[in-house]
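Respectively, the protein sequence lines represent chains A and B.
At position 172 of the first sequence the residue is numbered 1491 (my numbering), and the sequence of numbers has no breaks.
At position 280 of the second sequence the residue is numbered 285 (my numbering), and the sequence of numbers has no breaks.
Watch out, some of these pointers could steer you wrong.
Stated by the list, open to error - Derived DSSO-like pairs: lysine-lysine, alpha-carbon spacing no greater than 30 Å straight-line: (1) B/LYS299 x B/LYS346; (2) A/LYS1400 x B/LYS639; (3) A/LYS1400 x A/LYS1434; (4) A/LYS1434 x B/LYS198; (5) B/LYS439 x B/LYS346.
Stated by the list, open to error - A short, non-exhaustive set of chain A residues, derived as facing chain B with CB atoms under 8 Å: (6) ALA1391; (7) LEU1418; (8) LEU1420; (9) GLN1443.
As the list claims (entries may be wrong) - Reference listing, derived: stretches of chain A covered by chain B, where coverage requires no fewer than 3 residues with Cβ under 8 Å from a Cβ of chain B: (10) 1371 to 1384; (11) 1392 to 1403; (12) 1432 to 1442; (13) 1461 to 1475.
The set of hints was computed from the structure by calculation and includes no laboratory data.
This one's a predicted model, so the numbers in the text were calculated from it and none came from an experiment.
Heads up, the beta-carbon is just placed ideally off N, CA and C, and yes, glycines get one too.
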Amino acid sequence: MYTDHWNLGVNPEHAPRDLAEPMPAESLPAPWQVLARLDLYLQRLALTDAQRLWLRTQVLNQLAQTPTMDEAGALSFAFAKLQQSLGTLSDGDELEARLGLALGSALAGAGELGKSPSRWLREQMQPPVQRQTMASLPMRRSWRALFGRLWQRLRVGQGKTRVRPALSGEIR
Amino acid sequence: MSATSPLWQRFSQSRRRWLTALIVLPAAILGLVLHHFLVNDLPLGLEILTLTVFVLLFAWISAGFWTAVVGFLLLVRARGDTVPGAPEARRQAPRPGTRVAVLMPIYNEDVARVAAGLQATYRSLERAGALQYFEFFILSDTRDPAVWLREELAWSTLCQQLDAFGRIHYRRRPVNNKAKSGNVADFCRRWGKAFEYMVVLDADSVMSGETLYQMLEMMEGNPQVGILQTNPVAVNRETLYARLQQFAQQLYGPLFSAGLRFWQLGDGHYIGHNAMIRTAPFTEFCALPVLPGKAPLGGALLSHDFVEAALMARAGWEVWFLPELGGSYEEVPPTLLDDLKRDRRWAQGNLQHLRLLAGEGLQSAHRFLFINGAMSFLAAPLWGLFLCLGALASWQMWRQGSLADPLAWTGSGDGDPLPLWLIGITVLFLLGPKLLAVLWIAWRGAGRQFGGLPRLLLSMVLESVFSILMAPVRMVFHSLFVIQTLRGRSVQWGAQVREDAETSWTTAWQTFGWCTAAGVGVAALVYPFVGGWHFLWLLPVVGGLALAVPLAAWTSRPSWGRWARAHGLFLIPEEVQRPRELLDLDAGVAHALPRFAGDAFVEAVVDPRFNALHSALQRDRSGLWGRCAGLVHKALAEGPGCLSRRERNLILSDRQSMLTLHRAVWSLQDPQQLAAWGLGRDPGDGRWAPSER
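Pulled out of the complex, with its shape left as it was, chain B reads as follows:
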């Protein structure tokens, strides 16, 4: 390997200098303007604090704005990024015998959806004629015995349906340390040697075979590339909230993605799924460091992906983001509540990353990504702080008599807390990317993919209204998350909600009631003092807070989402023209896997076929026999209901215990005991009640 840097690095250095200038200069200039406005009226300490927070926030939004502007220009040019060394330019047919592992780490997921997603990807690869290179691994961290058993059944059924024994594998980790990253690392330790590449998916991911094959060609043609990250688009959700997210991501996403790729080049990011990874360097260099101290800011890293990309780049391997490669899908949380739950984990993970900022050998681009990720959450308390400082400054200026009567608006802007044009610039930086996105769609005549240009415009306006109203709710929750993390409250690893589950009014009140109360309270308190004009400025904030409960409840309704779809609102291209993979996914979800009518554990014990399947997949764990024998006796005497989840897991994980229990249950004589296992006469309903599949 030559010691000279790759050609793209020269481009990236120059581009990042421009980005830095575009972020720093406007923020500095506007900071100076604000300084001139405030210098005579505020105490020095308050002014410095206000200016610092303003500059930080403005720099943060201008990074997004300029990324979108650059993305817009690139997309309008329609040539893509033609920088030398880009992996798209060098493809090579895979060598015979090349093996790619497609990993699907799961944790207490909806098994039918996981199986359908895997099946859709598998069939797509089959159609692309590339199946011979790929093998699938369902890597389960599931703790719930019922879900575990469903996974096993789904795996064997999938293998039978697709004739894929030996091509689709299933592993359940007995100990799920380090969550998803630990699961992937476990794969690398056991089987990484046998696979040159691995594709990491999420439980809700679907990828087209064509895309996977193209990525494989790029990996083969670019031996210096460590990670190729696709841009998964959000699809398939029905709730109004999720449809808003999908629409926003699909409409504005391409601009940001193209811009991001322009700045990053070979120092790209990795989002933990829908990416192809070179296994050997990943295994060698990407084991995650454990931070000193305890969670939430110490211990094992909760958010692994950015760090893995940084470690890969530190070792000299390139990480490329491929926004133009389609055929990569994911699903978003269905409700505001679920989205915030996910944000809670991400907040902790991203704040942990700040402790790696000084990590030796990291690329500056990845340090910036760490800051960027943390700022996604730190911006919220900063924004809240800025609002408070603004109110304090207004009060201070009014008290000194430098501010005109706050109840009267002169219209000239002289008597307002901030010059109107300064606010205009801020609004432009926030909403400009949205307008550019619509302009780009109109430019390329792709309005029909979003239901036509008039509906697209209406959808964009409505989406903006919703996002403005939800922004204060996010602000207060993100601020809470940051405060909780800094105060040492850690978050538990939980399964992500992936189905369209509504938020009930009770739940909405319990979770967001205090926001509504705060919004209404602040409005009632502030209005008499500031008057109509100034209150208008505060309305997006207090209005959003006051409406938190109804917003959370109404936007979680699938019926509202379906209504919007029926009226052509928030449509996305995948709904106008459904890709084959998503059609397969729909068919796969609809095509029922074998289901358990009752308790899955009982079925695994009683049903001779399922018992055989499950027992055959287990080892003889002689170390557990003593404990398991007691549990088997307990289960026979008191029925399966007496066993805890942990006890069930113990019995299920030992082959001999499962076989013994199967025989013993079928040999029971007592009708009550039999009924407990779904055999014999159920005392409750007085009829012969065999357990049925």
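Only chain A is shown next, with the shape it has when bound in the complex:
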């Protein structure tokens, strides 16, 4: 049953001694499980302290305002709210926010061009396609024709000369 554990407060310093000690996550009371999960997630993002605190606060505020829910619901709800809050770091799209945090200053170019980080990244990954054909052509492989040509050359006594056809892509 999801109850008012939030009254314990979210600051680990104010937590009761038994909760401040390391202990298996699943034996923590529900809000602390949620918090532990959130912290684990936030640890993996290159956030500033202010951003981290703000995100935590946002999620906890949302959780505090919601009616009672079970533990699974709390986790899903908290994570959804975390992603929503993350999205606010980047025009509402949490993927863009996470990408921005992953690539950091490398994304300066995207901002200058007014492009979203993910679109910019895809463009960097591959330049625009300029499609052309490269069809496999059959090769005539007749021994008879080959010997015929050789005989012709021997009979006429000419050295073989090559005439290169003009190419569309040729550089002159």
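Starting from the known structure of chain A, arrange chain B on it as the hints suggest.
Structure of chain B alone, referenced to chain A:
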């Protein structure tokens, strides 16, 4: 374009006539000599067969010998090949806006090594001040999802480290048809229009920026040139086997390369990497034909490079080999076993080329290259056949009483199966290039580059001993490859082993045990009949076979290679004085890219940064959503371990599936399920176990 032939063609025609004469005449003369020796003693059929095989084999080794002799003379003259029309003579600064794509096709490779190689080339171009002309493409055909993810991470990290977003690109083909040639063709179709030139690299290639820029200048100054091929030198390996190969290639290679260039001129070869290609004609003319029938001799061509060069030349474009241009590196297979695995693919590819011999419009030089490539493998069964025919002839002559007692050696040669001087000539043709190579090194006082002249000589002798001992093993395996190919057994495309991986005794016994058994068996069987003197002739063959297992195992040891290096044996110039590019490569390999502690797929799902990076690079593949939804549910319920490689690839290739799975995993409540994703309490070790990078 004028219809007159380029000036170099006149030179090449005259030179090739000389080469033909040098190959055909000695082989014919020695064949006649052998005929006089055998004519009274052998039945006609056996004699014709013996003579044919002998002439073919002798012609084959004499082509190599004369190429080395010509190379030696050119190198001693130290002026290089000054034929008119050579691209080295006409260089032009690249026009502004010229774009060159450096392609690195990869397939399940060691990602750290690929990234380090690319980084070394990139930095070298930066130092050469030519980076503005070049863009890099990592063209992945990787099927293993873990390697794919590492590639993506390596690409983004490289781009960040080098500030190279927009200059280093990454593409993974969803369908990898036609292997490497298909991958390059895929690039040409998509982006070829935007790049006048492309440089094709191998996963283990490194090239110096200076070299790349010089090639670009040559391309710009020679609009008739289609392909410029460098001579990549083998470096960086530690195993004894690979060090032997590196040493041999670096010592003898220059002679053969200079000679090859002398014969080929503008009808050169292309080895599939470390070459610059003019993209437009390549796209237009070099699409590979598909042979009628099924693999191994039909279907798609397994070995594409020689054919692409031939097609380029057929369309009138020149293909030049540039042996004097340094700064081009590659790595060789680390062990005999890996080398033979590669040879298996090459054998099939080269035998396929024989079906193109009658191809319309091909230059005779390229037809010769096809034959030459096929002979690299056909020589093995021919050699085996020749040994059998020799034994049969001896037996026949002994039975007729024309051969003296085989157990007694007169010393005059009269009683031997073949005149000694004939064998002497053959040995000279085989070992002569090695002696010429040492002579050339001594001539130019470059012994120090190989650890000093005494060590160079000792290394050469040891290398010769090893290559003589390994030759019979190669012979039997190459013969097997030819037989397998002709019997219709095709080979699968596999990633090449590029790290110093030892061959275990178990593997060596499994692979080469039968060679050892055959060698010992033949020796035990033959010795009592032929006696000591004749057995001595057979010793290199049966000895090499008998020692196959220990040779394969011992030469695969990096420790033995390092020992040899510490004692100044098999040194190569790049080890005495390390080029900057290779120093960068070492630093790049040592400088760890971000690594996954565990399952890369789990990290791509769980880690918010990596998930974002990977998802952003994927498309929404709505056609897969139905299938992917089921897979996502399965992964959540049973953990990532339940997904096959193919199922993982499906989820990984769809952006929405990856985002959904990421959210769902982080919202899981069940500790067991969480543990499967590296989150929460691991039931196995009883501690909080977050997955860590």
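Here is how each hint holds up against the structure:
no., hint, result
1, B/LYS299 x B/LYS346, "21 Å, holds"
2, A/LYS1400 x B/LYS639, "25 Å, holds"
3, A/LYS1400 x A/LYS1434, "25 Å, holds"
4, A/LYS1434 x B/LYS198, "26 Å, holds"
5, B/LYS439 x B/LYS346, "26 Å, holds"
6, ALA1391, "4 Å, holds"
7, LEU1418, "4 Å, holds"
8, LEU1420, "6 Å, holds"
9, GLN1443, "4 Å, holds"
10, 1371 to 1384, "violated (count 0)"
11, 1392 to 1403, "holds (count 5)"
12, 1432 to 1442, "holds (count 5)"
13, 1461 to 1475, "holds (count 4)"
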